[in-house]
Amino acid sequence: MNTMELLAWARGPGLSLSLIVLLLGVTVRLTEMLLLGRKTDLSEPREAHSGLYGWRTVITRSLPSSCVTFKRLAFIAGYAFHIGLFLIVFFYVPHILLIKALTGLEWPGLPPWLIDGVTLITLAAMLLVLWYRVADPVRRYISRFNDYYSLAITFLPVITGYLAYHRLLLSYNEMLVIHILSVELLLASFPFTKLMHAFTLVFSRWYNGQMAGRKGVKV
Amino acid sequence: MTTSLQQGINAFKEQIDAPIASFFNSCVRCGMCADACLFFVETGDPKYTPIHKLEPMRKVWKQEYTFWGRLMAGLGISRKLTDDDLAGWQELLYDSCTLCGRCSMVCPVGNDIAYMIRKAREGMVASGHAPEGLKGATYRAVTIGSPMGIKLPAFRKKVEIAEQETGITIPFDQTGADYLLLMSSAEIVEFAEFIGAMARIFKQANVSWTFSSDAFEATNSGIQIGASDIAAELVQRIVDAAEKLQVKYVISPECGHAYTALRWEGPNLIGKPYKFKVIHILELLDQLYQEGRLQLEGKDSEKLTFHDPCQIVRRGGVLEEPRKLLNLVADDFVDMPCSGKWNWCCGGGGGVSANPDADELRLKVFNIKKTQLDATGAKKLVTSCSNCRNMLEDGIEEYGMDVEVVGLAETLADHLVQTENKQET
Amino acid sequence: MSDDLTLAEMLHQQGISRRSFMKYCVGLASMMALPPMMAPKIAAALEKATRPAVIWLSFQECTACTESLTRSFSPTIENLIFNIISLDYHHTLQAASGTHAEEARKQSMEKNKGKYILVVDGSIPVRDGGVYSTIAGISNVEMLRETAADAAAVIAVGTCASYGGLPHARPNPTGAVPVTDILTDRTVVNISGCPPIPVVISGVVAHVLTFGKLPELDDRGRPLAFYGETIHDRCYRRPFYDRNKFAKTFDDEGARKGWCLYELGCKGPTTRNACATEKWNQGTSFPIQSGHPCLGCSEPDFWDAGSFYQPLTAPPTDVASVVVPAVAVGVAAGAAVGLANRLKKARAAKSHQRLTSDDMK
Chain G
1 MNTMELLAWA
11 RGPGLSLSLI
21 VLLLGVTVRL
31 TEMLLLGRKT
41 DLSEPREAHS
51 GLYGWRTVIT
61 RSLPSSCVTF
71 KRLAFIAGYA
81 FHIGLFLIVF
91 FYVPHILLIK
101 ALTGLEWPGL
111 PPWLIDGVTL
121 ITLAAMLLVL
131 WYRVADPVRR
141 YISRFNDYYS
151 LAITFLPVIT
161 GYLAYHRLLL
171 SYNEMLVIHI
181 LSVELLLASF
191 PFTKLMHAFT
201 LVFSRWYNGQ
211 MAGRKGVKV
Chain L
1 MTTSLQQGIN
11 AFKEQIDAPI
21 ASFFNSCVRC
31 GMCADACLFF
41 VETGDPKYTP
51 IHKLEPMRKV
61 WKQEYTFWGR
71 LMAGLGISRK
81 LTDDDLAGWQ
91 ELLYDSCTLC
101 GRCSMVCPVG
111 NDIAYMIRKA
121 REGMVASGHA
131 PEGLKGATYR
141 AVTIGSPMGI
151 KLPAFRKKVE
161 IAEQETGITI
171 PFDQTGADYL
181 LLMSSAEIVE
191 FAEFIGAMAR
201 IFKQANVSWT
211 FSSDAFEATN
221 SGIQIGASDI
231 AAELVQRIVD
241 AAEKLQVKYV
251 ISPECGHAYT
261 ALRWEGPNLI
271 GKPYKFKVIH
281 ILELLDQLYQ
291 EGRLQLEGKD
301 SEKLTFHDPC
311 QIVRRGGVLE
321 EPRKLLNLVA
331 DDFVDMPCSG
341 KWNWCCGGGG
351 GVSANPDADE
361 LRLKVFNIKK
371 TQLDATGAKK
381 LVTSCSNCRN
391 MLEDGIEEYG
401 MDVEVVGLAE
411 TLADHLVQTE
421 NKQET
Chain V
1 MSDDLTLAEM
11 LHQQGISRRS
21 FMKYCVGLAS
31 MMALPPMMAP
41 KIAAALEKAT
51 RPAVIWLSFQ
61 ECTACTESLT
71 RSFSPTIENL
81 IFNIISLDYH
91 HTLQAASGTH
101 AEEARKQSME
111 KNKGKYILVV
121 DGSIPVRDGG
131 VYSTIAGISN
141 VEMLRETAAD
151 AAAVIAVGTC
161 ASYGGLPHAR
171 PNPTGAVPVT
181 DILTDRTVVN
191 ISGCPPIPVV
201 ISGVVAHVLT
211 FGKLPELDDR
221 GRPLAFYGET
231 IHDRCYRRPF
241 YDRNKFAKTF
251 DDEGARKGWC
261 LYELGCKGPT
271 TRNACATEKW
281 NQGTSFPIQS
291 GHPCLGCSEP
301 DFWDAGSFYQ
311 PLTAPPTDVA
321 SVVVPAVAVG
331 VAAGAAVGLA
341 NRLKKARAAK
351 SHQRLTSDDM
361 K
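Residue numbers (the working numbering), protein chains in the order written: chain G, 1 to 219; chain L, 1 to 425; chain V, 1 to 361.
If you're looking for bench data, these hints aren't it; they were derived computationally from the structure. Using N, Cα and C, we set each Cβ at its ideal position, and we do this for glycine too. Fair warning: there could be bad hints in the mix.
[Unchecked claim] Stretch-level coverage of chain L by chain V, calculated; a stretch enters the list once three of its residues show a Cβ under 8 angstroms from a Cβ in chain V:
no., segment
1, 3 to 13
2, 61 to 69
3, 134 to 141
[Stated by the list, open to error] For lysine to aspartate or glutamate, the following DMTMM-like pairs were computed, each having C-alpha atoms within a straight-line distance of at most 25 angstroms:
no., chain 1, residue 1, chain 2, residue 2
4, G, Lys-100, V, Asp-251
5, V, Lys-350, L, Glu-233
6, V, Lys-345, L, Asp-17
7, G, Lys-100, V, Asp-318
8, V, Lys-350, G, Asp-116
9, V, Lys-361, L, Glu-42
10, L, Lys-380, L, Glu-397
11, G, Lys-39, L, Asp-240
12, L, Lys-248, G, Glu-44
13, V, Lys-248, G, Asp-41
14, G, Lys-218, L, Glu-91
15, V, Lys-345, L, Asp-85
Put together the whole structure using the sequences plus the hints.
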């Protein structure tokens, strides 16, 4: 298969296939999780609207607290690459146009030179996160193959996008094919990896906040 | 029944619910929970990472309740849980966790890890892998009525002493009283001044209250070891006594787990809501003060600080009352860094202090409390849980510190305005 | 008919000055990305060249490639090439027809055996034995194979001959294939484009005449000198792309100001050709300059690569037709697993054996 044929496949059947796996997988995982349900709490609540406490925690858990001890550099790196990914995916014009083609929504993008800088920061942050996972005793102890794989498949689209944009390593068309395929690998792998946290953390934070809020504690 | 691996796995299956499934799904192995756990922070041993303690339950969740996990298990690709696994996890789930819940506050994806540990213990105890010390305490709690083996006559004796000291008749089995007061065994044995303190406070505030000879023990070993059947049995005794006496309120004393067991877990254990309300003694005291029924005088000028019991404050929701009350009788109150709902656990809760296997470990990790205390420079430490009191005293002795530990209720009682009938304690 | 006059003699005959000729050679050198010192060498080689025979086979084509080459209106390189070569067979340009034309082709093949240049435009249909395009009673496939056998060089002109072009687009009813699918055992120069830029065609022919060999080709068989860069990388509107200034419709402010046409479907980034530098009509303009996005016409399957007016990042598939069923199946499967979970949990509750103080002994 030549580059143009691969590109056509990646943009066509490849995208469809990876989207199917993503959507199917995510829906199955969320449904099987939620349908387990939970017993009604028969104790008398201290707060009547504990659900609101749940939503509160969904937001506030993202904010650092002074009493939380953390490894500062790793914490910043984690935030950096999440924010970086968000900006690259949602504020680079060609990506916005992809979303527009799929959903009809569009919004202004950031200048390419800024996205470029953000990309470099994101790549550096992810490498820092990897180093931390390997070097820190706790992270090394509890990490599994899934953790390294997830980082790799998140790293690939960013680096290949950067290489494509800058015409490095291979020709633009070849780099573009690899970039699109790496994104599709990410999408298809999503339901099988810890990347699911992107969807499930809303639920876990909500449950936590609701259960604590019921007792009158804001967490 | 005979405990077995199968029963253990069965218990895990029963306990796993949507919240737990969402927690396991969300964990990204960031390790921040370790940095919040005193057992990891003071030992540096990564095996104490809170989420790691849940590995056996995670395996069961994966292999029993997820599509992919079932597939992998069915094809024989993933390894099933063994009895050895559970044996190996006993120290992680019991010796090195007090259910303090600090990890639950910290997890960036919002996992309530303490909630999971509580439920995971159900599987451990059903498989027979629980510490001997806790088993013994639970046995005594069920068969004798108190984990420390205290029987009614011994309790009555302490009450008599309090009556003599205060000159107040202490009511037993008064049907129609508003409040039923419970005690913890530790209070009865070591801090019985609580009885006299309560008598004086209730007299002054004109509270209609009673003890029950059918149920005086507030603590619940079933909760600590993780055996809901037994926990339910213990709660039922209190419920029966309360209903028999037709009280409006049951007072949870200065004991952390008693409050969790009675206030929050109780109705769910017995399967129906209470006909009465549960109130923590601190909540009641604050209420009495607000109503002007509590007359206090004098303030302690000695610098003092407060240790927030995890089960009462962070996991219980009695957030404001301790400091509101303490500030009424203290002139020089200084807070520890990261107190309130962020407080570091004393290291003795969750059954750890009743577990001899964990003796060395809990004293080692007490260092974190030492650090907190040293930062205040206070020589007096007030708390509101007798288990914390014991642990704090153990730790203070171990580290050669010069700090006195006192209970909050008795401190308040010491500042009651003198009336005609009062005698010096 | 071939002649034995050298180019020098021919040019002299036509009254074209040496100065004009040298200018052409300098231009050719620069176009081919050759150093200026090559110009005299090119001149020397071309001067001595005797008119090579060229056989031009037209298959499933629209004749635009020929039109592109011949629609020049001033003495140009293209004209020169046509004067240099001896075009012995070309459907549109030749005087003869019918059996005479085929005779001419066979004679040229015989006379110039091993030395003639074969130019092909249009795709070759192969379905049903190749019946969908026949000339003089034989299929294109047969004619191509027959004529290519003794050709010195084969040049596929246009996207149809290079990659199958329009006839190759879905559903490809005639089974159209490019020249390289038929001639699998020799190098073919693909001058793709729909149509190709005239000077690219003539530049390649000139290269072959000058150096006696094919120019350096990319991995798609295209001469690197002309197809080495993408339109995007040489586009004069690139500064607007780099500053997120895009025309969103064909007559909005951005369009009038000449902003980048990426959002209107420009395929410049993935298209290799010389349009942005050489332009068309002797450097007058090219589609983007005229306000129309690049179609990507020099790339394979540009007809099937998605709408001309949807940006590159827009997938050519109807994603909604994929998303909705996937989610539906996912919910159903998840519900099935969820139900199984609940049943399992209920069974676990049933299997629960009450713990008593006996178990604490």
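Right, here's what the structure says about each hint:
Counting residues of the segment 3 to 13 of chain L whose beta-carbon sits less than 8 angstroms from any beta-carbon of chain V gives 5, enough to reach three: the coverage restraint holds. For the segment 61 to 69 of chain L, the stated coverage by chain V holds: 4 residues have a C-beta nearer than 8 angstroms to a C-beta of that chain, and at least 3 were required. Residue count for the segment 134 to 141 of chain L with a Cβ under 8 angstroms from a Cβ of chain V: 4. That meets the three needed, and the coverage hint holds. Between G/Lys-100 and V/Asp-251, the direct Cα distance comes to roughly 20 angstroms. Compliance with the 25 angstroms bound is thereby established for this hinted pair.
At roughly 19 angstroms between alpha-carbon atoms, V/Lys-350 and L/Glu-233 fall within 25 angstroms of each other, so this suggested pair holds. The straight-line distance between the Cα atoms of V/Lys-345 and L/Asp-17 is roughly 9 angstroms, inside the 25 angstroms bound, and the hint therefore holds. Of the supplied pair hints, the one linking G/Lys-100 and V/Asp-318 holds, its CA atoms being roughly 13 angstroms apart against a limit of 25 angstroms. Of the pairs offered as hints, the one joining V/Lys-350 and G/Asp-116 is violated, with about 59 angstroms between alpha carbons and a cut-off of 25 angstroms exceeded.
Taken as a hint, the V/Lys-361 and L/Glu-42 pair is broken in the structure, with Cα atoms around 33 angstroms apart against an allowance of 25 angstroms. A C-alpha spacing of about 14 angstroms is found between L/Lys-380 and L/Glu-397, which places the hinted pair at or below 25 angstroms, so the restraint holds. Pair hint G/Lys-39 plus L/Asp-240 holds up; C-alpha atoms about 24 angstroms apart against a cutoff of 25 angstroms. Restraint check for L/Lys-248 and G/Glu-44: the C-alpha separation of about 14 angstroms stays at or below 25 angstroms, so the hint holds.
For the suggested pair V/Lys-248 and G/Asp-41, the alpha carbons sit about 55 angstroms apart, so the restraint of at most 25 angstroms is broken. A hinted pair counts as satisfied when its Cα atoms are at most 25 angstroms apart, and G/Lys-218 with L/Glu-91 does not qualify at roughly 31 angstroms. A distance of roughly 22 angstroms separates the Cα atoms of V/Lys-345 and L/Asp-85; the hinted pair therefore holds under the 25 angstroms criterion.
Of the numbered hints stated above, those contradicted by the structure are hints 8, 9, 13 and 14, listed in ascending order.
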